[in-house]
Each structure stands twice: as C-alpha cells, then as structure tokens.
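**Q** Just need the whole structure built from these sequences, with the hints factored in.
The sequence shown begins at 0 in numbering that gives the first Met the number 0 and counts up by one.
I should point out that these hints are in silico values taken from the structure, not numbers from a laboratory. Positions of the beta carbon are idealized from the N, C-alpha and C atoms, including for glycine. Check the hints yourself; a few may be wrong.
[Stated by the list, open to error] Once the Cα atoms are required to be at most 35 Å apart in a straight line, the calculated DSBU-like pairs of lysine-lysine come out as:
1. Lys122 x Lys152
2. Lys85 x Lys152
3. Lys152 x Lys98
4. Lys137 x Lys25
5. Lys52 x Lys122
6. Lys98 x Lys122
7. Lys25 x Lys52
8. Lys98 x Lys39
9. Lys200 x Lys122
10. Lys122 x Lys34
11. Lys39 x Lys137
12. Lys34 x Lys98
13. Lys98 x Lys85
14. Lys34 x Lys85
15. Lys152 x Lys137
16. Lys85 x Lys137
17. Lys85 x Lys39
18. Lys137 x Lys52
19. Lys34 x Lys52
20. Lys39 x Lys25
21. Lys98 x Lys25
22. Lys122 x Lys137
23. Lys98 x Lys52
24. Lys85 x Lys122
25. Lys39 x Lys52
26. Lys39 x Lys122
27. Lys25 x Lys85
28. Lys152 x Lys200
29. Lys200 x Lys137
30. Lys85 x Lys52
31. Lys137 x Lys98
[As the list claims (entries may be wrong)] Label-pair ranges, simulated between beta-carbon atoms:
32. Gln69 x Thr159: 34 to 42 Å
33. Glu90 x Asp207: 42 to 50 Å
34. Pro15 x Gly225: 32 to 40 Å
35. Ser22 x Asp150: 21 to 29 Å
36. Glu156 x Leu6: 26 to 34 Å
37. Glu110 x Asp37: 40 to 48 Å
38. Ser205 x Leu72: 28 to 36 Å
39. Arg162 x Phe42: 16 to 24 Å
40. Asp94 x Ser202: 45 to 53 Å
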Amino acid sequence: MLSDGCLFRCSFCTVPTTLTVVSPGKIEEQVEELKVLDFKLIFINDKSFGQAKNWRAIREVFEQVHRYNQDFLGFIVQTPPSLALKDRLMEAAVDLGVKYMEFGVETVSDEHLALFNKPYRVKHLDEACERARRLGLKIIPNFILGIPGDDYKATIEWVTRNRDIIPVVNINFLALHFGNMRGRLPWQSQTLGDRDQNVAKKSWLSQDDLARMRDAMETIYAITSGS
Numbered sequence: 000m001l002s003d004g005c006l007f008r009c010s011f012c013t014v015p016t017t018l019t020v021v022s023p024g025k026i027e028e029q030v031e032e033l034k035v036l037d038f039k040l041i042f043i044n045d046k047s048f049g050q051a052k053n054w055r056a057i058r059e060v061f062e063q064v065h066r067y068n069q070d071f072l073g074f075i076v077q078t079p080p081s082l083a084l085k086d087r088l089m090e091a092a093v094d095l096g097v098k099y100m101e102f103g104v105e106t107v108s109d110e111h112l113a114l115f116n117k118p119y120r121v122k123h124l125d126e127a128c129e130r131a132r133r134l135g136l137k138i139i140p141n142f143i144l145g146i147p148g149d150d151y152k153a154t155i156e157w158v159t160r161n162r163d164i165i166p167v168v169n170i171n172f173l174a175l176h177f178g179n180m181r182g183r184l185p186w187q188s189q190t191l192g193d194r195d196q197n198v199a200k201k202s203w204l205s206q207d208d209l210a211r212m213r214d215a216m217e218t219i220y221a222i223t224s225g226s
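**A** Shown next, in the form of structure tokens:
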C-alpha cells in the first residue's frame with residue numbers, strides 16, 4: 000500500500016475520501032515483510048493508483064523485491080479508466096513494472112455509471128482498453144451485478160470484444176454497505192443480504208432480475224474462461 004483512501008466518491012463505496020500517503024520507510028517495511036512468501040506478483044492496495052503523488056515509488060519496490068526474489072514479475076494495480084488515461088499513466092506504469100491493471104468497470108452503461116457517481120464513462124473505458132492492447136497490458140475488470148434495470152447486454156458485449164486482454168474478472172453484487180453515508184442510491188436496505196456484496200439475492204430484485212443476473216454472470220465467466 001502506497002496510500003490509503005480515495006478522492007473519488009462512488010456512491011456505493013465506503014472507502015475514506017481523505018488520501019493518506021504512506022511514508023517511504025513504511026513502504027520499505029511492507030516489502031521486507033513479503034520475504035517469507037513465494038510470489039511472482041504484488042497487488043498494490045491503493046484504491047485509485049495514481050492519485051497519490053508517490054505512485055512512482057513502485058520502481059524502488061520492484062528493485063527491493065528483486066534483490067531477494069528473482070522470480071518477481073511485477074505489479075497489479077487498480078484505478079479508474081479515466082485516471083489511467085491521464086498524463087500517460089498507463090505507459091509510465093508499464094515501464095515501472097505493472098503487468099495487470101484492475102478497473103472498477105461495474106457495468107458498461109453510462110446511465111448506471113452516473114448513478115454510481117463513477118469517475119469515468121464508457122468512452123474512457125474503450126480508449127483505455129485500446130491503449131492497454133498496444134502496451135501489452137492486461138485488464139482485470141470488476142463488475143457489479145444486481146442493478147435494477149440493467150440487462151447486462153452491453154457489459155457482455157464489452158467482455159467479448161476485449162477477451163484478448165482480460166485474463167480474469169471479479170464479480171460482486173450491488174450492496175448498500177453499512178456505514179456508507181454518501182447515499183444517493185435509490186434503494187433501501189431491508190435485509191442483511193442487501194448489505195453484503197457476496198449475496199446475490201436482493202430485496203430490490205424480482206425473480207426475473209435474478210435470473211437475468213445469473214445468466215449474465217454465467218455468460219461472462221464462460222467467455223473469460225474459454226469454456
């Protein structure tokens with residue numbers, strides 16, 4: 000972790016919106032603690048990689064790790080597509096050893112992205128994918144299912160178009176997390192499952208919604224697994 004918190008204010012998120020930068024000494028301590036592990040990749044736990052001014056510190060992290068782990072390949076980072084495109088962040092990240100970039104895609108729908116107050120739109124996502132393809136960078140999309148009114152067709156089409164740069168996907172279900180005071184989502188939490196992103200059944204979803212969601216999830220997994 001190079002920084003804690005995130006300056007974006009996605010309406011479903013509970014991450015603190017104050018950005019706290021980790022000191023160089025603390026970063027070095029974290030890297031030393033990894034010595035006992037057998038690994039080839041490191042996940043950088045900044046919620047929006049590139050927001051904190053010390054993001055280039057992964058160069059020193061790479062060198063420090065490589066001194067005790069010759070099998071180390073590089074990093075996985077997470078950031079929104081719009082930030083990835085800014086100031087040639089993607090190009091610089093690849094030069095610093097980033098192998099995978101995780102995007103909080105959530106859903107490929109500008110309407111729902113606006114509802115979630117996401118800091119990007121579909122045009123940014125498409126441009127970031129084209130740039131990743133040119134750079135040889137792999138993309139890991141995070142999706143949210145269980146959104147009322149979403150038929151997931153655009154999301155499935157996007158996965159199909161970009162299958163060549165997507166090695167794996169992460170899927171969670173829309174949740175109204177306890178402690179999220181940002182609000183602005185038009186649903187109310189009625190059950191414990193409504194607050195759990197690992198629970199598919201939500202009080203705001205009909206049986207048809209659930210069936211459509213299940214079909215979308217199975218289709219996305221089938222596309223990305225090649226089965």
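**Q** Run through the hints listed earlier and report the numbers of any the structure violates, in increasing order.
**A** 10, 35, 38
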